[in-house]
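Protein chains: 2
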Amino acid sequence: MGRWQPDARARLQEAALALYGERGYDETTVAEIAERAGLTKRTFFRYFADKREVLFWGSELLEQQMVAAIEAAPAGASPLGMIGAALDAAAQRFEEVRDFTGPRHRIIASSRELQERELIKAASLSAAMAQALRARGVADNAATLTALTGTTLMHVAFEQWVDDPQRRPFALFAGDALAQLRDIAATG
Amino acid sequence: MGRWQPDARARLQEAALALYGERGYDETTVAEIAERAGLTKRTFFRYFADKREVLFWGSELLEQQMVAAIEAAPAGASPLGMIGAALDAAAQRFEEVRDFTGPRHRIIASSRELQERELIKAASLSAAMAQALRARGVADNAATLTALTGTTLMHVAFEQWVDDPQRRPFALFAGDALAQLRDIAATG
Chain A
1 MGRWQPDARA RLQEAALALY GERGYDETTV AEIAERAGLT KRTFFRYFAD
51 KREVLFWGSE LLEQQMVAAI EAAPAGASPL GMIGAALDAA AQRFEEVRDF
101 TGPRHRIIAS SRELQERELI KAASLSAAMA QALRARGVAD NAATLTALTG
151 TTLMHVAFEQ WVDDPQRRPF ALFAGDALAQ LRDIAATG
Chain B
1 MGRWQPDARA RLQEAALALY GERGYDETTV AEIAERAGLT KRTFFRYFAD
51 KREVLFWGSE LLEQQMVAAI EAAPAGASPL GMIGAALDAA AQRFEEVRDF
101 TGPRHRIIAS SRELQERELI KAASLSAAMA QALRARGVAD NAATLTALTG
151 TTLMHVAFEQ WVDDPQRRPF ALFAGDALAQ LRDIAATG
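Chains as they are written, first to last, in UniProt numbering: chain A, 1 to 188; chain B, 1 to 188.
It cannot be assumed that every hint is accurate.
The list cannot tell twin chains apart, which means a pair is met if one copy fits it or any two copies do.
What the hints assert, rightly or not - Straight line, CA to CA, 20 Å or less: simulated DMTMM-like cross-link-like pairs of lysine to aspartate or glutamate:
#, residue 1, residue 2
1, 121, 7
2, 51, 113
3, 41, 63
4, 41, 113
5, 51, 116
I should point out that these hints are in silico values taken from the structure, not numbers from a laboratory.
For reference, chain A alone in the conformation it holds in the complex (with noise of 0.2 Å):
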């Protein structure tokens, strides 16, 4: 199995969602995944350090993407205009994957080790963004503040946009939860 593996890394998550979602996460091996893709272990290990990373694969290109969108907000933006261009690349990313995110989704809410892993990328993610921000001119608190903000509304236009059987875009629920925001903090 030297040869080059058209695809293998699709094939490999998609396996894996399968067989997660038919026989549960802690069922499932990596054996048996790399069998459903028709590939090795091997391969499997070349492109995932673990069977919990085929879920994570991803977040560090999301992560760098929400990143570069603050480096790249027009100068004079507020910290929360650059919070807002970080979800806007957010939410290219994700209408990208979608079909993959809701079975992905479910499968992490049914297991705590995922769970605790999908909040450490969380914590990660603020972290990036915080300096991000600190690199831009916003002042130490404020900008933890402000990147911490980013990935509450983050996560409140996730969990909507995911079961949206309608599959309206990110971008409204992203939209509307700052607009939430804004609203809890001015008459709070």
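Mind docking chain B on chain A? Use the hints.
Coordinates of chain B only, in the frame set by chain A:
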């Protein structure tokens, strides 16, 4: 060692914190903690499920007190006003355990396993506050958003409070964080 041990829990916590600080969390065993406290492993396990839980004892109580504050907030309080009441409850609790909190915070920062547990506890607190807000009539989404904003404010205030050389009160930092959030939301 069937006898009653005065302050056994506090002695075990103190011993654990000291050893985690001296040797590192990973390198410390339950037997060593018990020995330092002048107690047995059996006594340790009467109070804590494992060496991780020594650091998280009290988080359920904190959650209960914050939820109770939301339940007891005056009729007509805004969502963020109810979160303010919950933060007041947290402030009171934090001041009581201040000397325990700084070393604990540094130990948690040193271990990914502990950070994961901390994130899970924060997620649990958020979910509990959101539920309490819903019970007070806050709409589903606004409740989630407000509760997550509450944990954000708590986190930002905590980070400043825990390392403050002047030992100013937690409530001061929580108030600052709330004011800053309002600024960010209004100008964003």
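Each hint tested on the structure:
no., hint, verdict
1, 121 - 7, "neither (25 Å within a copy, 39 Å between copies)"
2, 51 - 113, "both (12 Å within a copy, 19 Å between copies)"
3, 41 - 63, "neither (28 Å within a copy, 44 Å between copies)"
4, 41 - 113, "neither (22 Å within a copy, 28 Å between copies)"
5, 51 - 116, "both (15 Å within a copy, 19 Å between copies)"
Of the hints listed earlier, those the structure fails to meet are numbers 1, 3, 4, in rising order.
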